[in-house]
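With the hints as extra help, turn the sequences into a complete structure.
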Amino acid sequence: MLEVRDLTIAYGRHVALEGVSLSVARGEMVAILGANGAGKSSLLSAIAGRVAPRTGAIGYDGQSLLGLPQHGLVDRGIALVPEGRGIFPGLTVAENLALGANPMRARAGAAATREEVLTLFPRLAERRRQIAGTMSGGEQQMVAIGRALMSKPDLLLLDEPSLGLAPIVVQEVFAALVRIRDTGLTIMIVEQNARATLALADRAYLLEAGRIIGTGRADALRNDPAVVRAFLGGLSGNAPAQA
Amino acid sequence: MFLTILILGLVLGGTYALLALGLTLQYGIARIMNLAYGEVTLAAAFVLVALFKAIGLPPLLGTLLIVPAGYGAGWLLYTVMMRPLVARSGASGRLEVDSILATFGLLFLIQGLLLVAFGANFTSISYLDRGVNILGVSVALNRLIAFGVCVVAGGALTLALARTRWGMVMRAVALSPGSAPLVGIDVMRVARQGFALGTALAACAGASIAMVQTFSATDGVVYTMKALIIVIMGGVGNVPGALIAGFALGLVETFVVTTIDPGLTLAATFAIFLCVLLWRPQGLFGRG
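These protein sequences, in sequence, are chains P and D. Heads up, the first sequence is in the working numbering, so the first residue is 5 and it goes up one at a time. Heads up, the second sequence is in the working numbering, so the first residue is 1042 and it goes up one at a time.
There may be inaccurate statements among the hints.
[To be verified] Interface residues of chain D toward chain P, partial, derived using beta-carbon atoms under 8 Å:
{"no.": "1", "residue": "Arg1212"}
{"no.": "2", "residue": "Ala1213"}
{"no.": "3", "residue": "Leu1216"}
{"no.": "4", "residue": "Ser1220"}
{"no.": "5", "residue": "Ile1226"}
{"no.": "6", "residue": "Asp1227"}
[Stated by the list, open to error] With beta-carbon atoms standing in for the labels, derived distance ranges:
{"no.": "7", "chain 1": "P", "residue 1": "Gly23", "chain 2": "D", "residue 2": "Arg1321", "range": "50 to 58 Å"}
{"no.": "8", "chain 1": "D", "residue 1": "Ser1130", "chain 2": "P", "residue 2": "Gly41", "range": "23 to 31 Å"}
{"no.": "9", "chain 1": "P", "residue 1": "Gly188", "chain 2": "D", "residue 2": "Pro1322", "range": "48 to 56 Å"}
[Claimed, not checked] Counterexamples of contact, computed for chain D against chain P with all Cβ distances above 10 Å:
{"no.": "10", "residue": "Leu1047"}
{"no.": "11", "residue": "Ile1048"}
{"no.": "12", "residue": "Leu1098"}
{"no.": "13", "residue": "Gly1177"}
{"no.": "14", "residue": "Thr1299"}
{"no.": "15", "residue": "Thr1310"}
Calculated from the structure, these hints are not laboratory results. All values reported here derive from a predicted model rather than from experimental measurement. Don't be surprised by glycine CBs; every beta carbon is placed ideally from N, CA and C.
Quick look at the structure:
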């Protein structure tokens, strides 16, 4: 479904990603693991059309995505939940979700999609009229994921959904991701919280200093001593403790 | 006396509110601070007068033609002049400074064209200049019509912004342009719409000014200043704030004209502006 080949991204002289190739099949959940600054977000940004790569190719359903504007990719079925969430903090939860269904592909079934999203995140149903920016970090993350789902994506890109959330909230977000995965949606997730993500994903790529240093099935990686040492060293991944 | 000030002030304020609404849309949605805004307003006023004098086109009908023409002119202006600036600035804050410099130049270009086309003399038309009794206050019919035009145009736009999908997209771009592409919004396209719409409102305000006031080709800066003052008073990008501040300015000016001295209107305007800048620089109602 998604084919990334020899992708190199550079900001000025700083090379964020070098010769990265990977693929995601339909219905799969693929994780990209790596430390801060390994190039995870750059990779997602390039797939979502936010950053133009220096070299390489990105294919989606057999067609190249390079050169397409970011807003155009949403209508092709690629929804991004960026780092920092990117919600509309000045608008209500209901408006955020309604805007999620703004792409043409999502308009017809918007009411039904909203019901699905509100079933997935009952908290959002209670808080419909609240201004999104006044909600807690975890709730804002639910708004961001819910809004992405409103566009009826074929491929959901998640950039560090657990970043900056309290551990108990992280659990809640990951529980929601399990339910989303079980609907059969193709998901690509970038995370620092390696342990929780490997429990969720089908496959993973390990990223270090802009290069892929390993890949495999998630259950195999969880038991690989080298991976455990490098990525699962902490007690429960390295989710920051603050809310 | 009080009632006179109230009614005449609200009637004047309607034009100001509409004038400010266009400027705040251009700045809020397209991020362009348009210093040539008053010249665009004047251009519309001159066109209305010219059509009236040349072929006897009724001003109300003229307004119906001028507003869409204003939209088209704004669309063209954005595409030809603003888009290169937007493309060049990217995500940085350069657009605001660049747009101020560019529209400052545009100001003199439009003013020069107006001077060549219509001369430097004061212009006015006499249109439905008879008094109508409202709650015991005599108001010129043309002022009431101009007020009606402003209320209908401003009200329709405010409702559309608050209630429709289109309005929600506009607000999303105004509030978080960086997030808008995530939901498939083409920010450049929306910005162009916002700029064109602001130009249409300037044209509408200009048409209603032409129905009631005397003006000359060099007056544009006064309208830009007044619109800017109202926008800052109401809170930049804040649509209801601009409407309320517009009416407030109309009331204050009318109060000064009737009770103190007509020559002091501009001074009063700037005195309020100064107070707002000193004590509430974010505007009376905060940023939208």
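Now for the hints, and whether the structure bears them out:
| no. | hint | verdict |
| --- | --- | --- |
| 1 | Arg1212 | 7 Å, holds |
| 2 | Ala1213 | 5 Å, holds |
| 3 | Leu1216 | 4 Å, holds |
| 4 | Ser1220 | 4 Å, holds |
| 5 | Ile1226 | 6 Å, holds |
| 6 | Asp1227 | 5 Å, holds |
| 7 | Gly23/P to Arg1321/D: 50 to 58 Å | 55 Å, holds |
| 8 | Ser1130/D to Gly41/P: 23 to 31 Å | 27 Å, holds |
| 9 | Gly188/P to Pro1322/D: 48 to 56 Å | 53 Å, holds |
| 10 | Leu1047 | 34 Å, holds |
| 11 | Ile1048 | 36 Å, holds |
| 12 | Leu1098 | 40 Å, holds |
| 13 | Gly1177 | 44 Å, holds |
| 14 | Thr1299 | 40 Å, holds |
| 15 | Thr1310 | 30 Å, holds |
The structure is consistent with each of the numbered hints, conforming to all of them.
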